[in-house]
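For reference, the chains in residue letters:
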Amino acid sequence: MDNAVTAKKKWWNGGHSPFSVSYGKLMMWYFLISDAFTFGALLIAYGTQRFMAEAWPDPNVVFHAFPFMGHMDLPLVFVSLMTFILIMSSVTMVLAVNAGHYMDRKAVIKWLSLTIVGGIMFLGCQAWEWTHLHEVGAWWGSNPFVNHDGSAALSTNFTDFFFTITGFHGLHVTSGVVLNIIVLINVLKGTYEHRGHYEMVEKVGLYWHFVDLVWVFVFTCFYLL
Amino acid sequence: MAHTQNANDRQAAIKSIWKTFWILLIVTMVEVGLAFLHLYTGFPGKLLLNSIFIGLTIVKAFFIVAEFMHLGHEVRNLIMTILFPLLLFVWFIIAFLADGDSWKNMRKDLAPGTPVKKEAPAHAPAHH
Numbered sequence: 001m002d003n004a005v006t007a008k009k010k011w012w013n014g015g016h017s018p019f020s021v022s023y024g025k026l027m028m029w030y031f032l033i034s035d036a037f038t039f040g041a042l043l044i045a046y047g048t049q050r051f052m053a054e055a056w057p058d059p060n061v062v063f064h065a066f067p068f069m070g071h072m073d074l075p076l077v078f079v080s081l082m083t084f085i086l087i088m089s090s091v092t093m094v095l096a097v098n099a100g101h102y103m104d105r106k107a108v109i110k111w112l113s114l115t116i117v118g119g120i121m122f123l124g125c126q127a128w129e130w131t132h133l134h135e136v137g138a139w140w141g142s143n144p145f146v147n148h149d150g151s152a153a154l155s156t157n158f159t160d161f162f163f164t165i166t167g168f169h170g171l172h173v174t175s176g177v178v179l180n181i182i183v184l185i186n187v188l189k190g191t192y193e194h195r196g197h198y199e200m201v202e203k204v205g206l207y208w209h210f211v212d213l214v215w216v217f218v219f220t221c222f223y224l225l
Numbered sequence: 226m227a228h229t230q231n232a233n234d235r236q237a238a239i240k241s242i243w244k245t246f247w248i249l250l251i252v253t254m255v256e257v258g259l260a261f262l263h264l265y266t267g268f269p270g271k272l273l274l275n276s277i278f279i280g281l282t283i284v285k286a287f288f289i290v291a292e293f294m295h296l297g298h299e300v301r302n303l304i305m306t307i308l309f310p311l312l313l314f315v316w317f318i319i320a321f322l323a324d325g326d327s328w329k330n331m332r333k334d335l336a337p338g339t340p341v342k343k344e345a346p347a348h349a350p351a352h353h
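Going down the list, the sequences are from chains L and W. FYI, our numbering numbers position 135 of the first sequence as 135, with every residue one higher than the one before it. To convert, take the position in the second sequence, counting from 1, and add 225; that gives our numbering.
The hints are simulated quantities; they were obtained by calculation from the structure and are not laboratory data. Nothing here was measured: the structure is a model prediction, and the numbers come from that model. Please note: incorrect hints may appear among the correct ones.
With a straight-line cut-off of 25 Å between C-alpha atoms, the simulated DSS-like cross-links for lysine-lysine are [stated by the list, open to error]: (1) L:106 / L:25; (2) L:25 / L:10; (3) L:203 / W:329; (4) L:110 / W:240; (5) W:244 / L:110; (6) L:110 / L:10; (7) L:10 / L:106; (8) W:244 / W:329; (9) W:240 / L:203; (10) L:203 / L:106; (11) L:106 / W:244; (12) L:106 / W:329.
Coverage of chain L stretches by chain W, computed from C-beta distances (three or more under 8 Å per stretch; other residues unrestricted) [to be verified]: (13) 106 to 120; (14) 211 to 218.
Residues from chain L shown here face chain W by an in silico Cβ test under 10 Å; the list is partial [as the list claims (entries may be wrong)]: (15) 19; (16) 23; (17) 44; (18) 69; (19) 72; (20) 75; (21) 76; (22) 83; (23) 97; (24) 102; (25) 136; (26) 170; (27) 206; (28) 208; (29) 223.
For every residue, glycine included, the Cβ atom is placed at its ideal position computed from N, Cα and C.
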C-alpha cells in the first residue's frame, strides 16, 4: 500500500522536502553560493591584474618571516602553520556537529570551544603577518617589494589585493568566531538540548567550513602561484 | 542493541572525519614540499608546478565540501543545485584572465618609446 503511493509521489508538487534538508540549512547553502561568487570575483580580479602586469613580486621573497625568528629566511613556513590551524579547526567543528547528532552536549561544548580557540589563533597569526608586512612598508597604496625579475614595483596592485582579500577573509573568520561563540553560549544554556536538536551547530559549521574552503584558494593564489 | 549500533555509527563517522583530515594535511604538505623543491632545484617548472597546485587545490576543495560540509551525502538534487551555478566560474576565469593578458600585450605595443610597427609593404603594387 505504502509502496504504491511512493511510486506516484510527485516530489516537486509541494508537501515534501525534495532536497531533504531543513529550510535553514538550504538558505545557508544559498548564502554560501553567493559568498563564493564574491570571493571568486575578488580572486579573479586579482588574477586579471596579475596577468596584466609585466612583472609581479615573488611570494617566496615577500612571505618569508616567522615570529621570533628575526631575519631568518623561512618562506611559506608561517602560512603553512596558519593553514594547519584552520584545517584543524574545521576538524574540531565537524566533530562538534557529529556530537550534536548524538545529543552529546559535553562533546559539543568541548569541540566547539576548540574550534573557537583555533579561529582566534588563526586571527592572531594573521594580525602578526599584517603587522610584519606593515613594518616593512606594505599597505594599501604602498608596495615596497621588488618584482621577481628584479625590477621595482610598477603599481600597488599586489599589496592592494593582498590586504583586501586576506582582510575580507579575516573578516569572515572574525564573524565565524562570533557566531561560534553565540552558539556555544546557547549550548551552555541548554537551548538546543531543550529544542531537541543541535541543527544550529550544523549551520554555523557549514559557514565555518566555507571559510576554511576560501582559505584553501587564498593560500594557493597568494602564496603558492 | 540499538544503542551499540548507534555507538558504532558514531565511531565510523569520527573515523571518516579524521581520514579526511589526514588527506587534507598530506595534500597541503605535498604542496609546500613541491614549492620548496622548486625553490632549491628549479624543478618542476613553473607552468607544471602551478598546474599541480591548482589541481591539488581542487582536490582539497572537494574533500572539504563533500565530507566536512557533508554535501557528498546529500540528495542529488541539492548537489546539482549548488554545483551548477558554480560552472559560471569556468567562463569567468577564462574570460577575465584572457582579458588581462590581452591588456598586457596592448600596453607593451602602445607604451611610450615603443617603435611603431611599420605596415608590411605589399609585395606587388596593385594595378589599376
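Now for the hints, and whether the structure bears them out:
For the hint linking residue 106 of chain L to residue 25 of chain L, the alpha-carbon distance of about 24 Å falls within 25 Å, and the restraint holds. For the given pair, residue 25 of chain L sits about 23 Å from residue 10 of chain L by alpha-carbon distance, which is consistent with the 25 Å threshold. Straight-line distance between C-alpha atoms of residue 203 of chain L and residue 329 of chain W comes to about 44 Å, which puts the hinted pair past the 25 Å bound. Note on residue 110 of chain L and residue 240 of chain W: the hinted pairing holds, with a Cα-Cα distance of about 18 Å set against a maximum of 25 Å.
Our distance criterion of 25 Å between C-alpha atoms is met by residue 244 of chain W and residue 110 of chain L, whose separation comes to about 20 Å. Of the supplied pair hints, the one linking residue 110 of chain L and residue 10 of chain L is violated, its CA atoms being roughly 43 Å apart against a limit of 25 Å. Note on residue 10 of chain L and residue 106 of chain L: the hinted pairing is violated, with a Cα-Cα distance of about 42 Å set against a maximum of 25 Å. For the proposed pair residue 244 of chain W and residue 329 of chain W, the alpha carbon gap of about 45 Å is over 25 Å, so the pair is violated.
Between residue 240 of chain W and residue 203 of chain L the CA atoms are separated by roughly 22 Å; this keeps the pair inside 25 Å, and the hint holds. Pair hint residue 203 of chain L plus residue 106 of chain L holds up; C-alpha atoms about 19 Å apart against a cutoff of 25 Å. Proximity of residue 106 of chain L to residue 244 of chain W is assessed by CA-CA distance (about 23 Å); at most 25 Å being required, the pair is judged to hold. Annotation: proposed proximity of residue 106 of chain L to residue 329 of chain W is violated, straight-line Cα distance about 58 Å (limit 25 Å).
Three residues within the 8 Å Cβ limit are the bar, and the stretch 106 to 120 of chain L against chain W gives 0, so the coverage statement is violated. Closer than 8 Å: that is the beta-carbon criterion, and the stretch 211 to 218 of chain L has 4 residues meeting it against chain W, so the requirement of 3 holds. The closest approach between the C-beta of residue 19 of chain L and any C-beta of chain W is roughly 4 Å, which is under the 10 Å cut-off, so the hint is satisfied. Interface restraint check for residue 23 of chain L: the shortest CB-CB distance to chain W comes to about 13 Å, outside 10 Å, so the restraint is violated.
Satisfaction of the interface hint for residue 44 of chain L is found here, the shortest Cβ-Cβ separation to chain W being roughly 5 Å, below the 10 Å cut-off. A least Cβ separation of about 17 Å between residue 69 of chain L and chain W goes past the 10 Å threshold, and the interface hint is therefore violated. Given the 10 Å rule on beta carbons, the hint for residue 72 of chain L is violated: about 15 Å separates it from the nearest Cβ of chain W. A hinted interface residue such as residue 75 of chain L counts as satisfied when its beta carbon comes closer than 10 Å to some beta carbon of chain W; here the least separation is about 7 Å, so the hint holds.
Taking 10 Å as the C-beta cut-off, the interface hint given for residue 76 of chain L holds, the closest approach to chain W being about 6 Å. A least Cβ separation of about 6 Å between residue 83 of chain L and chain W falls short of the 10 Å threshold, and the interface hint therefore holds. For the restraint placing residue 97 of chain L at the interface with chain W, the shortest Cβ-Cβ distance is roughly 8 Å, inside the 10 Å limit, so the hint holds. Checking residue 102 of chain L against chain W: minimum C-beta separation of about 6 Å stays under 10 Å; hint holds.
For the restraint placing residue 136 of chain L at the interface with chain W, the shortest Cβ-Cβ distance is roughly 20 Å, beyond the 10 Å limit, so the hint is violated. Because the beta carbon of residue 170 of chain L sits about 19 Å from the nearest beta carbon in chain W, more than 10 Å, this interface hint is broken. A distance limit of 10 Å between C-beta atoms decides the matter here; for residue 206 of chain L the minimum to chain W is near 6 Å, and the interface restraint holds. Checking residue 208 of chain L against chain W by beta carbon gives a least distance of about 9 Å; that is within 10 Å, so the hint holds.
Taking 10 Å as the C-beta cut-off, the interface hint given for residue 223 of chain L holds, the closest approach to chain W being about 8 Å.
Hints 3, 6, 7, 8, 12, 13, 16, 18, 19, 25, 26, counting from the list given before, are not met by this structure.
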